[in-house]
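Undergrad: Take a look at the letters that make up each chain.
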Amino acid sequence: MIKFANVSKAYPNGAVALENVNLEIKKGEFVTIVGPSGAGKTTLNKLILDEEEPTEGSVLFENADIATFSRAQMTHLRRRIGTVFQEFRLLPNKTAYENIAFAMEASGKSDEEIVSDVPHVLQLVDLQDRMFHFPSQLSGGEKQRLAIARAIINQPEVLIADEPTGNLDARSTNEVIEILKKINDLGTTVILTTHDPQLIKAVGQRIITMERGRVVADEQKAHGKHNAV
Amino acid sequence: MFWVRLKRVIRSGWINFRRNTMVSYAAILVTTITLIVVTTLFLFQAVLNAAILNIQTKVDIAVYFTPTAPEDQILSLEATLQALPEVASVQYISADQQVLAFRDRHNNDYLTLQALDELGNNPFGGLLQINAKDPTQYDAIAQTLEGDNTIARSNSQIIERINYSQNKQVIDQLNNLIFNARRIGLIMTLVLSLVSIIIMHTTLRLTIYMAREEIGIMRLVGASGAYVRAPFLVQGVLYGAFAWLLTNLLFLPLTYIAGLKMTDLLGINLYSYYTSHFFSVSGLVLLIGLVLGVISSLLAVRRYLNV
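Protein sequence lines, in the order shown, are assigned to chains U and F.
One point on numbering: in our numbering, the residue at position 189 of the first sequence is 189, and numbering is uninterrupted.
One point on numbering: in our numbering, the residue at position 172 of the second sequence is 172, and numbering is uninterrupted.
In short, the hints are calculated from the structure, not lab data.
On a predicted model such as this, the values are computed, not experimentally measured, just so you know.
Treat the hints with care, as some may be off.
Unchecked claim - Result set (DMTMM-like, lysine to aspartate or glutamate): computed pairs, CA atoms no more than 25 Å apart in a straight line: (1) U/3 with U/56; (2) U/182 with U/87; (3) U/27 with U/218; (4) F/7 with U/112; (5) F/7 with U/111; (6) U/46 with U/211; (7) U/46 with F/213; (8) U/27 with U/178; (9) U/26 with U/53; (10) U/201 with U/24; (11) U/181 with U/196; (12) U/182 with U/218; (13) F/7 with U/117; (14) U/26 with U/52; (15) U/94 with U/111; (16) F/7 with U/113; (17) F/168 with F/134; (18) F/7 with U/98; (19) U/94 with F/213; (20) U/109 with F/213; (21) U/26 with U/50; (22) U/181 with U/218; (23) U/109 with U/129; (24) U/3 with U/62.
Said to hold, decoys possible - Which residues of chain U face chain F? A few of them, derived with a C-beta cut under 7 Å, are: (25) 79; (26) 91; (27) 93.
The beta-carbon is built from N, C-alpha and C at its ideal position, and this holds for glycine as well.
Here chain F stands alone, though its shape is the one from the complex (with noise of 0.2 Å):
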């Protein structure tokens, strides 16, 4: 009995799904705009979290050694520093890399070029360029550099100077605005989310407020209340399902012409993120908006069904 009960219950619900049109067009509608608003800040999210790395990748540590800094114990330093838990990258530029680069730079300028000629050896000292994992781990990378500690002191010969202090206002800001920024991000998404769902409650109920009269009869003609409840369940779960086939139908286009137009403006490439993303971002967005449904299925129903 129970697979003949769930047969009639989804016929039932697909039946009323098809010839109540003008409600299912409004519900759907309304349950798409909730799963656009949805799949919008997840997407907003990945954006946002590309610029912050972008910005991350951009700032680092300096370390600038005496010209007769010896490399092997430079090499030496680089490879202790790389294990630390807080560095995600140590990057070694050589004196002789770094006199090029300087020369390099100032091509045009024929001065500049004759008085580094005229010193006859090399100026530069090797450099450490090192990248932390979270910008706020800069503070604790430099504490190992310039600190009372064991590899400050017995590299603190060679070190000519670490460009940290000059950079440490700049990381605070960095970390200021990453902290922001994904407290706006979360606020937005948790605003917006509770606005479509609202939204979405209210328009279901009102759906289901239009068929208070046929819940009535139903239950006059002996419907138990789950007999009642469950058509209006495959309902919802239907507005949600064609709910995510139109938001998709929607992001999957948006997102290609993004990836093509707007790859370098955004940091990332929308689509091949949507598309690499896509049982996460898009699985998520359905389970929301079958979840959705039901639930405001569930509620709206529950209130005609004393009768």
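So here's chain U without its partners, still in its complex pose (with noise of 0.2 Å):
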């Protein structure tokens, strides 16, 4: 589905922050990527959402070349893949109900959907009662549930999660962790990025470790296959 082939990515300035990354992700794998601060995950994550584009190399969506896309065709791939951010990124002046139902008008759902849709995934991450609040007043787990609520709305394809538990607590962590199991037992490819090793046992089938910019192992936990790269 996602294909890295010999990308690296070096910024203006002369750091590197990929080299010469060769991976693919299947449809439907949970995919955790581990490895420190600047490591390149979060980068690989950029390249996966045309935010920015590889030095060398080419990453391909369905065999098409992302970097290659018009920018009507980068909003529509992003409208089939869902994100969560460390840092939530949620719409400041919108409530939860807007949040959500803003990236469902993007998608160009009706207002019927809307109205069905918004309050049963608000359910499904435990947030009904907060529907009518601004992210400001949200505690951080339940800021990420709604930016996990907001990346599923629309059931993309592929969900990723940038260090979506950096600034959880341990209950918060462990509820983001089944949301994004179910999700992923939905049929939904899910990429997490991780620094946190407490983290890794408790997901992932497959668990790719970087290090400034490389891959370094590439391990099938369910088959307890492990390949060093």
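Take the two lone chains and join them into the complex the hints point to.
TA: Structure below.
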């Protein structure tokens, strides 16, 4: 589904974020990308979302090179990918309901669909009582659950969760992980990035370890298979 | 779908406008200042034009006739002058009116009046006072009366003198004054408008700079550029509309007071002018407000849409 072919990313100041990365993520997988800060995990996500372009190599989404996408194709791609970030990235002047409704409106959903689906997804992440609260009125865990609700409302094929538990306490972390597992069980490909070693034990069938912009290990947990790279 | 999207965009713009209180307050304030400057310049131009018109009506060419000049010939010349395209008005003052005016002016001067009585007959001739449509045309009118042409030749016997050459210096100075006043007015309008636009654009860019994170999030959840931009345009329109409302709330009472207290000083009733030109002046100000709001929003959002 997503393929990184000889991808390198260097910035004009000379910093190398990724170096010759080769990866393939299949449909329905739960992939956890681990590594310390600066390992290149977030850059990997940005390349998938077309927020940045590789300096070398190509990132393919269903065999199409993302770097060649037009603006309209990029918008369409982003509607097929849900995103959850460590810093939540919610719209501060919109209520929980409106944050989710906006994602639906942006993808052209009807008013009827919005009225029926938004309360449902808020219930799914246990935020039905916070429907008309603004992000500033929610706790960290609630914000992240809201971000997940927004990410999955359009039933994306891929969910990218970039350090989603970085700002959360242990209880909220477990809640978020459980929700991500459920989403994956329903068929959505999940890409989770983290630098938290404790989290790795709790999640993922496949764990990719990165260091200094390189993939250093690719482990299939469910089958106990380990591929050193 | 178009109407659904339009409804959503308007609602979203209105909600952002209402919830970003400080940003809306700052943007309306700056837009209002711009519109106040624009309206002031409109009124300044009106006062300037009224003053120029007032001075223009006080300048004329006077044609003095000999006491023996036949009245029908003077009236015929009056009709000829009246028909000239440069002429705004011609006023005939007869010899009898002249002498009455003289007596009136020297009411308390017994010696002068006695000298006049001793003359026995009326020493004054008739007089034509000519106003041009434009002060620069006095020269052409004087040429008609003094130059080498049929009108001048056929009337040279009855014309005693024409006071154009005496007034020429004053008229030339007036022409210079009008030209410079209009030029200064235009330069002031351009400079102040430009300054206002720059201030307003900078403020709106700052407000949208604060919303750059929001624009990025909208793009990441799959909103198209147009769908992100449109609510900001609605906000721009709202800034313009509210600023226009405030400008009117300020200028209606201000011009009313100016109309009551300063009409003589300014030579124009500003309230009557403002209300009678409401649709042209205020309509144009509204249009400027809306265009400024929309263009500034458009330019400022464009910068952060490349996400």
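Undergrad: Now tell me if each hint is right for this structure.
TA: For each hint, the structure was consulted:
no.	hint	verdict
1	U/3 with U/56	holds, 14 Å
2	U/182 with U/87	holds, 22 Å
3	U/27 with U/218	holds, 17 Å
4	F/7 with U/112	holds, 14 Å
5	F/7 with U/111	holds, 11 Å
6	U/46 with U/211	holds, 17 Å
7	U/46 with F/213	holds, 16 Å
8	U/27 with U/178	holds, 20 Å
9	U/26 with U/53	holds, 21 Å
10	U/201 with U/24	holds, 22 Å
11	U/181 with U/196	holds, 17 Å
12	U/182 with U/218	holds, 23 Å
13	F/7 with U/117	holds, 20 Å
14	U/26 with U/52	holds, 22 Å
15	U/94 with U/111	holds, 17 Å
16	F/7 with U/113	holds, 16 Å
17	F/168 with F/134	holds, 14 Å
18	F/7 with U/98	holds, 15 Å
19	U/94 with F/213	holds, 14 Å
20	U/109 with F/213	holds, 24 Å
21	U/26 with U/50	holds, 19 Å
22	U/181 with U/218	holds, 20 Å
23	U/109 with U/129	holds, 24 Å
24	U/3 with U/62	holds, 8 Å
25	79	holds, 4 Å
26	91	holds, 6 Å
27	93	holds, 5 Å
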